[in-house]
Amino acid sequence: MATALPNSTATGQLDPADDLRAGDTVRVRLRTGFDRVLGYLLPLLFLVAIVPILDLLYSIGRIALPTMPLSVITSFGSYQAEDALGVTILSTFEMLGVATAIAVGLGVLGGIATAEFLSDEVAGWVRTSANLLAGMPSVIVGFFGFFALVLYLGWGAVFIAGAVTLSFFMMPYVFRTADIAFSSIPRPVREAAYGSGARPYQYILRVGLPIAIPQILTGVFLAMAIGLGETAPIILTVDPNVALPISLYSHSTYLTYLIYVGYESQPGSLPAILAFQAALLVVAIVVVLNIIVRFIAARYRKRLEGLYQ
Amino acid sequence: MSSDPPTRETGAPEPLPSPSSATSNPPPRRSAGALVGKIIPFLPALIPAAVIIAIAWTLVGATGFYNFGLGFFLPGSPSNPWGVGVEIVGSFLTAVPALLFSMLLGLGIAIASTTYLPGFLSKILDPFVDLLAGIPSVVYGIWAYLVLAPLLGTVINPWAVMHLSFIPGFAASINPPSPTTAGTGLPLAIIVLTLMALPITTLLIRDALRSIPKDLWESGLALGATRWEVMRKVGLRHGSRGIFSAVFLGFGRAIGETVAIAMVIGGGGGLPVNVYDTTNTMAAYMFGTLDSALVEPIIGKNLAELALVLLAITLAVNIAGRRLVSHLYAQEVPGL
Amino acid sequence: MGAAIAIAIILLIVGIAVGYVIYPTVNPKSSTSTSTPSLSETGSSLFYPLMTRWAANYSAATITAAATGSGTGQNSAILNLVNFGASDGYLTNASSDNVANFPAAISAQYIFYNIPGISTHLNLNGTVLADIYDGTITSWNDPMIAAANPSVTLPSDTIVPYARSDSSGDTFLFTSYVYMSTASWPYGAPSTHTFTTEDSHVTGATGNSGMVSGVEATKYSIGYIGVSYAAGAIAGGLQYAAVGDNLSISAAGGTNAANYITPTSGPTGTIAQDANLGLNQLNYATYGMAVSLILGGSWAGAVTLVAGGGGSNPTATSPNPYPLVNLEYLIIKLSPTSGTVVTGSNLAATVTFLQWAITTGNWAPGSIASDWIDQVGFLPLTAEVAGYDTQILASVSTS
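Chains as they are written, first to last, in this note's numbering: chain A, 1 to 309; chain B, 1 to 336; chain C, 1 to 399.
If you are wondering where the hints come from, they were derived from the structure by calculation, not from laboratory data. Any given hint could turn out to be false.
What follows is a list of derived Cβ distance ranges for each label pair [to be verified]: (1) A:40 x B:67: 57 to 67 Å; (2) A:206 x B:54: 28 to 38 Å; (3) B:171 x A:298: 51 to 61 Å; (4) A:284 x B:57: 19 to 29 Å.
Short, incomplete list of chain A residues facing chain C, as computed with Cβ under 8 Å [claimed, not checked]: (5) 67; (6) 119; (7) 156; (8) 157; (9) 241; (10) 264.
Built from N, CA and C at the ideal position, the CB exists for glycine as well.
Between the sequences and the hints, there should be enough to build the whole structure, so can you do that?
Quick look at the structure:
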């Protein structure tokens, strides 16, 4: 378009030939006009993200909210797993609690070990493996849970099989957060601790953890949000139960199970309504968890480059 | 990158020095206890790798090493009942357009958020998009089934058939009948996948664009370029690493999506005859067919082999993505 | 900040603890959980509505039912993941898997369609259905359909066939019927395995409820749905077909209207009501309980499946029996393998329940059929079947 002036820069990124010159007002207007139009159009794309989520909340809430409190209370004592919303909520917390315990135990240990004790090269492979596990399709981990835990180990389609399978999903997130948290501890703090003669476990327990706990908590809540929303592994590894699971080997329902089982039922029938109520509960809890995570992260924002992107 | 809570992301390790234990550990003690003490801490770190290996091993065992031959990759038919070509093609037919749309939308939204919106608006609207990432896929599925499917089936698809049938693939088909008023099928699956991949791509591209040094930005504007021109010539190139990562990550997410797709894809058996048709994807098929698999063991072997194919694709996309990104960006982009 | 997190966590723990404590008072069933055995069932969605009614009215054990499809029911029973599985189809290799097929009720299958403007019962037979599902017949006003329905104005719209995409006993019944009707059925012998994957371009649905909602949502569609979901389908505007009982109807038509039978809505009454369902004079001695469809009438072109492996019962005779009638089987593991955690200790409770099922569950004292059987549109077991069941139960070892 514009011919290169003798003083144009070699990189050519911003061509000074585009400078304002008399007679170029049309081009300038076109460029600024185009820019202004984009300034109106591109933000409209936000609607593509916002409208569906609002509609989702509205459609689910419209069906779920009218009978919600009654459902939770009166559905105790019902005889269909599809109807037992109250029992399902408690069962979900129970299974999620056990899965979180396993995931946090393994994930924190692994993350700290990666940050503290591994050389950079090995740590790179370990972090890759954690990322890969986080990106696994849910049906493949569900298959693994079914073939390995339910069948091969002979546990049956019971509570513990579901909880352990869930923990496979949740563990990489806790792992990553613990790793980043410990890697982000400022060098001087670390060296001061070791310089004073601390053993590794003393450093971890007394210096590292207190600093890293908020960030690890964000990972835990994130993992809980993910575990709450998983459907395929639950359906593949656990058979439902109308009563609260009282042992590791009893059956158990889950909120997402209610959603999947009831979504095709006759509109207005109890399983269909419960599917929407379960969906509303799941979305609400996930949103709350995400807000808590955001809150904690904002308070403890660190400006270090992460090892994961 | 910012220290926002990590989501499902891949990326190469940053070429920055990270805290290494080599310089700060106390000198090693030569005793059995210390040796054990050195090995034991390593073990928890190996758990993710161990799980992945266990998954692969279980699936390989479940195939029973049965040989399905090349027919495995062809569409199933009464003469080739073990063919899963339809599912493999279906996965790509849903994931690729969804990735394309979510990349375009993500680019647009990220550019809007970083360039065109005032700061306070960005701060309010960005979390909305990130919230989309947290919605579980089964909830997307139930909403799509309840709201989007009738909309597509009764309004959008008939409109497209009436006005767009000159485009190859957009004409209605009689045998098999497509589109139907149920609204399930490829378009619904692509829409749902786009919405599910959108927050990931937006987040990655937005973070990449935000990491552009302010002086680059301001010097561009000072030279008289419009915001769009600075973004196009400077920002996108500078942030292209994040954009690349977004492509691979979004694709990995889209191709592995199970439950939402199972609920909206319609589970038909054949290759789609037009853009409205129902079909099946690898993940949805695996999820729905496991109960058959145990009734007839050969179906189980078939499914396990398909699971291995999906696992290989997922691993390849993730690993290749990270390799490519780290290879392309091994050196810092020379700044001005 | 730390205080806030600590308070939140403490509240959570306290809340769960309180919930646990007040749970027994809120849930009347949990207080007896230590003394009441807990049984689990999974499987056929056709059987599920009856199972839930039984579970609601059976107090000696807490039964959890799930509708996952007959294949899952068979399989979970064999693998001992549940106490008993429900299946619409007979399990052929029962002895090698150490399970027993236990007929528990008699059910039926309807063919529902969604054609705006048509509210009569169309006449359809196995040959026509086979052609619809394999794509030979594509529109509702096809000559073959029109020939069987001369008085109906059929639309020219394309038929959208629905089939089950999960492993389904309803698929087994439907494919049994079409397989026995015509040699041109391309999808092989009857099985619970879905045929939607074999390049058939039939739309898939999960479970009977998925079939109902799918056919309701799709105009000009057709699907096979169990009788226990018929009320919901009819309320949703669907209509069911009169199914042909003559397997040798030629392609040129020439059908006799009397050969198309609508299923009766089984009122309680005498055994004579069974006449319409072909249950008179069933020859169990020769064919045992291994029947897929309880068909009646003369079957000129009938294909006999493997004896004892499931098939028709051609000696059943009665005027105009509805063809899609089947026995509902509960699959129970006979000698649980050691190390199982579900069935072993509850085998006695399972046996007690099964005895209840074939008596009170099927036959309320003093009447012919109980309300529950009636509510789902089933028929109670005949005396011969009940006797056969009692024999099975007597042979189950409870040690």
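Hints, one by one, checked against the model:
Hint check: residue 40 (chain A) to residue 67 (chain B), Cβ distance near 60 Å, so the stated range 57 to 67 Å holds. For residue 206 (chain A) paired with residue 54 (chain B), a C-beta distance near 35 Å keeps the hint of 28 to 38 Å intact. The given range of 51 to 61 Å is respected by residue 171 (chain B) and residue 298 (chain A), whose C-beta atoms sit roughly 52 Å from each other. Range check, residue 284 (chain A) to residue 57 (chain B): about 39 Å between beta-carbon atoms, so the 19 to 29 Å window is missed.
Checking residue 67 (chain A) against chain C by beta carbon gives a least distance of about 18 Å; that is not within 8 Å, so the hint is violated. The beta carbon of residue 119 (chain A) comes no nearer than 34 Å to any beta carbon in chain C, farther than 8 Å, and the hint placing it at the interface is violated. Taking 8 Å as the C-beta cut-off, the interface hint given for residue 156 (chain A) holds, the closest approach to chain C being about 5 Å. The criterion of a C-beta within 8 Å of any C-beta in chain C is met by residue 157 (chain A), whose closest approach is roughly 4 Å, and the hint holds.
Hint status for residue 241 (chain A): holds, given a least beta-carbon distance of 5 Å to chain C, under 8 Å. Interface restraint check for residue 264 (chain A): the shortest CB-CB distance to chain C comes to about 4 Å, inside 8 Å, so the restraint holds.
Violated hints, in rising order: 4, 5, 6; the structure is consistent with all others.
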